[in-house]
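**Q** Here's the letter readout for the chains.
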Amino acid sequence: MRTVPLNYYLILSAIVFSIGVIGVLVRRNLIVVLMSIELMLNAVNLTFIAFSRYLGSIEGQIAVFFVMAVAAAEAVIGLAIVISVFRHHQSLDPQEMQLLKW
Amino acid sequence: MDVATVIFFSLAALLIGASLLVVFLRNVVHSAMALVAALFIIAVFFVILQAPMVGVLQVLVYAGAIMVLFLFVIMFLNLTASEPRRRAWLSFAGVSTLLLGGVLSAMLTQTEPAADPVAATELFGSPEMLARNLFNDFVLPFEIASVLLLVAIVGAVVLAKRGS
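As they're listed, the protein sequences go chains A and B.
If you use my numbering, the first sequence closes out at 967, no skipped numbers anywhere.
If you use my numbering, the second sequence closes out at 167, no skipped numbers anywhere.
Derived from the structure by calculation, the hints contain no laboratory data.
Don't take each hint at face value.
As the list claims (entries may be wrong) - Label pairs and their in silico Cβ distance ranges:
id: 1; chain 1: B; residue 1: F27; chain 2: A; residue 2: E924; range: 29 to 37 Å
id: 2; chain 1: A; residue 1: D958; chain 2: B; residue 2: S149; range: 21 to 29 Å
id: 3; chain 1: A; residue 1: L964; chain 2: B; residue 2: M78; range: 25 to 33 Å
id: 4; chain 1: A; residue 1: S949; chain 2: B; residue 2: E146; range: 23 to 31 Å
id: 5; chain 1: B; residue 1: S149; chain 2: A; residue 2: Q963; range: 17 to 25 Å
id: 6; chain 1: B; residue 1: N136; chain 2: A; residue 2: L964; range: 41 to 49 Å
id: 7; chain 1: B; residue 1: F145; chain 2: A; residue 2: L964; range: 34 to 42 Å
id: 8; chain 1: A; residue 1: S949; chain 2: B; residue 2: E125; range: 46 to 54 Å
id: 9; chain 1: B; residue 1: F95; chain 2: A; residue 2: H953; range: 27 to 35 Å
id: 10; chain 1: A; residue 1: Q963; chain 2: B; residue 2: N139; range: 43 to 51 Å
id: 11; chain 1: A; residue 1: Q963; chain 2: B; residue 2: G97; range: 21 to 29 Å
id: 12; chain 1: B; residue 1: F27; chain 2: A; residue 2: V935; range: 46 to 54 Å
id: 13; chain 1: B; residue 1: T8; chain 2: A; residue 2: H953; range: 29 to 37 Å
Unchecked claim - Below, a sample of chain A positions facing chain B; criterion: calculated Cβ distance under 7 Å:
id: 14; residue: N907
id: 15; residue: V950
id: 16; residue: H953
A virtual CB, placed ideally from N, CA and C, is assigned to each residue, including glycine.
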């Protein structure tokens, strides 16, 4: 079975990454912003795996392992921050978090 | 159009649709469900690209553990207030994202080895080969990742604990 060119995968992951960027920019709900970041990380993972397959080297898959570990840590810490922010403001709107803004 | 191309394009359409739903659905639980769907489709891509082990981990860790954590927090906070729209930002975000996507695609597709994939052996992507690489060349990053996870656990407990 013939395989799809590498470029198809790269363009697909660029599209998914850009959709994640839109989510971070337009949504005003911290949880959805975090989920968009997860989407962007997964687009990068897809790039890693595609390169790993087309270059025949396993290092791309190893990198995806570490991205997953860091993403898990990021999700845990991010959600803990979301919970404590919600306790303070009773809302998840990022525009209300301007304590550090001068 | 051969079978591989048809499969790729149908999966790609599903993935882009699910990602758009994640970003544009109003209900947080619904967008979490769309994210689960998107993660599953990415796992299917991993399996197609001869990374079955990473695909299984994707389903277990992302679609399983991390998304359960997200849903748990959504239920825990019990959000009722509707989210205001950022109309002024939408056009700016659209334009800048189109630019970003164009630049990313142009840069990524400049890579040379786009013609034919290297002939893969039976072993490629198997847990055995992955483990052999992970525990030989990448032992130090592996240990650092374990320390990172430990720090994340402690940090999450400290942050989410009720203020003393």
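**Q** Hint by hint, note whether the structure agrees.
**A** Results for each hint:
B/F27 and A/E924 have their C-beta atoms about 36 Å apart, which keeps the hinted 29 to 37 Å range intact. A/D958 and B/S149 have their C-beta atoms about 36 Å apart, which leaves the hinted 21 to 29 Å range violated. For A/L964 paired with B/M78, a C-beta distance near 27 Å keeps the hint of 25 to 33 Å intact. The hinted window of 23 to 31 Å between A/S949 and B/E146 holds, with their beta carbons roughly 30 Å apart.
For B/S149 paired with A/Q963, a C-beta distance near 37 Å fails the hint of 17 to 25 Å. Hint check: B/N136 to A/L964, Cβ distance near 45 Å, so the stated range 41 to 49 Å holds. Distance hint check for B/F145 and A/L964: the Cβ-Cβ separation is about 38 Å, which falls inside the suggested range of 34 to 42 Å. Checked against the hint of 46 to 54 Å, the C-beta distance between A/S949 and B/E125 comes to roughly 50 Å, which is consistent with it.
Distance hint check for B/F95 and A/H953: the Cβ-Cβ separation is about 29 Å, which falls inside the suggested range of 27 to 35 Å. Roughly 49 Å separates the CB atoms of A/Q963 and B/N139, a value that falls within the hinted 43 to 51 Å. Distance hint for A/Q963 and B/G97: a CB-CB separation of about 25 Å, consistent with the stated range 21 to 29 Å. Evaluation of the 46 to 54 Å hint for B/F27 and A/V935 yields a failure: the beta carbon distance comes to about 27 Å.
In this structure the hint that B/T8 and A/H953 lie 29 to 37 Å apart at CB is violated, the actual value being about 52 Å. Nearest Cβ of chain B to the Cβ of A/N907: about 5 Å, under the 7 Å cut. The hint holds. A cut of 7 Å between beta carbons decides the hint on A/V950: the least distance to chain B is about 10 Å, and the hint is violated. Interface restraint check: A/H953 against chain B, minimum CB-CB distance 10 Å, threshold 7 Å, status violated.
In this structure, the hints that do not hold are numbers 2, 5, 12, 13, 15, 16, in rising order.
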